[in-house]
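Chemist: Make one complex out of these two single chains by using the hints.
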Amino acid sequence: QKEVEQNSGPLSVPEGAIASLNCTYSDRGSQSFFWYRQYSGKSPELIMSIYSNGDKEDGRFTAQLNKASQYVSLLIRDSQPSDSATYLCAVVSGGYNKLIFGAGTRLAVHP
Amino acid sequence: DVKVTQSSRYLVKRTGEKVFLECVQDMDHENMFWYRQDPGLGLRLIYFSYDVKMKEKGDIPEGYSVSREKKERFSLILESASTNQTSMYLCASIRGGRRDTGELFFGEGSRLTVL
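So the sequences go chain by chain: D and L. Per the working numbering, the very first residue in the first sequence carries number 1; after that it's consecutive. Per the working numbering, the very first residue in the second sequence carries number 1; after that it's consecutive.
The following block holds chain L by itself, in its conformation from the complex (with noise of 0.2 Å):
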């Protein structure tokens, strides 16, 4: 069974403290993404990595970090958490090279609150 997984569902971190939100997939996709969620705002993407080591902005990468330093795992970091990144992160995965399937295979997301 195929599967993109987060390592924590739910966090809550002090303003100002280092936030680490890993993500593991194991389909072997090239293209790995991190997206928050927030109600009436829907998913927007925040960076994305189409290779190891490689790293796109997304629409709101302000306040964010990523890294990729193996295929399988796409991490995201908060440098100094603040308490408007309280938010539901979403990391999801899809097959580089075709552009027609659009079936990005979604975590379970982690729950962050920053207080």
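With the rest of the complex left out, here is chain D (with noise of 0.2 Å):
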């Protein structure tokens, strides 16, 4: 079992949707958790942490986190074009800020 689960996508949704990227993690010891955006050609940047269970929201963009499920989901309101990427899912493994990725939803938003 890989340690952080994505789906690959690509998810396409319309402009003004809301986007919802999922994600789980299997080490249950994990207490801190990430979204990193990536777009085509370029390195990943981090948009958004999340270290609580419940929701984060910063903007049009909210996290969840539920331990007990080891889930993990952001969403995106108002899709824009500009939000065209690929989401990356990042969970800290052991020491020393060690970030474990998941493979990466790409999402499509289209006008």
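Calculated from the structure, these hints are not laboratory results. Check each hint, because a few of them may be wrong.
[Stated by the list, open to error] Cβ-Cβ distance ranges computed for the label pairs, FRET-style:
| no. | chain 1 | residue 1 | chain 2 | residue 2 | range |
| --- | --- | --- | --- | --- | --- |
| 1 | D | Gln31 | L | Lys71 | 25 to 31 Å |
| 2 | D | Ala17 | L | Glu62 | 14 to 20 Å |
| 3 | L | Arg111 | D | Glu3 | 21 to 27 Å |
| 4 | D | Ala68 | L | Ser80 | 42 to 48 Å |
If you're wondering where the values come from, they're calculated on a predicted model, not measured in any experiment. Glycine included, C-beta positions come from ideal geometry on N, C-alpha and C.
Modeler: Structural data, given as structure tokens:
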């Protein structure tokens, strides 16, 4: 079983809709969870972090964490074509801020 | 402007060649990482370092080695390149000690092709 699993997509949503991206992880001891966005040909960039069960909102983005189910999600409200990218779920595993990444979900927002 | 700089954006090497990928960060970060990224597989951790001369294996260290002689520089070495090492290589750094930020700073990547 992979440590961090994501549906590879592509996830296609119309402009203005809510995009929902999901991630599961295997390490029950993980305490820190992150969403990175990667545009084609570019390096990943951090967009959200979450450490406690529940929801965390930042602008159009909401991260949701359920440690009992080992599940993390990212909601993007009012999706824009500029949100089209690959979204990577990452989990801190072990020490030294070592991040383990999922394979990523490709999101396509069409006008 | 903080930066992680990778020495080469594109490299083409032949099977069996020794390959050096260099990474330099100017943020005084303790922790540095080398990932490779392949379609459908995401970022996979090759090696990381939490201090000068210290290194730890990641998930896929076979065929690679690393060197960290100075805090700002972390090198990835392919002793004898093989075609299955054709990939995008990403270097990243993060400040040590704090376990809750998760903000890795990435270089622009080095696309290696092994013929």
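Chemist: Now, for every hint given, state plainly whether the structure supports it.
Modeler: Consistency of the hints with the structure:
Checking the proposed 25 to 31 Å range against Gln31/D and Lys71/L shows it holds: the Cβ atoms sit about 27 Å from each other. At about 43 Å, the beta-carbon gap between Ala17/D and Glu62/L misses the expected band of 14 to 20 Å. In this structure, Arg111/L and Glu3/D meet the distance hint of 21 to 27 Å, their C-beta atoms being roughly 25 Å apart. In this structure the hint that Ala68/D and Ser80/L lie 42 to 48 Å apart at CB holds, the actual value being about 47 Å.
The structure does not agree with numbered hint 2 stated previously, though it agrees with all others.
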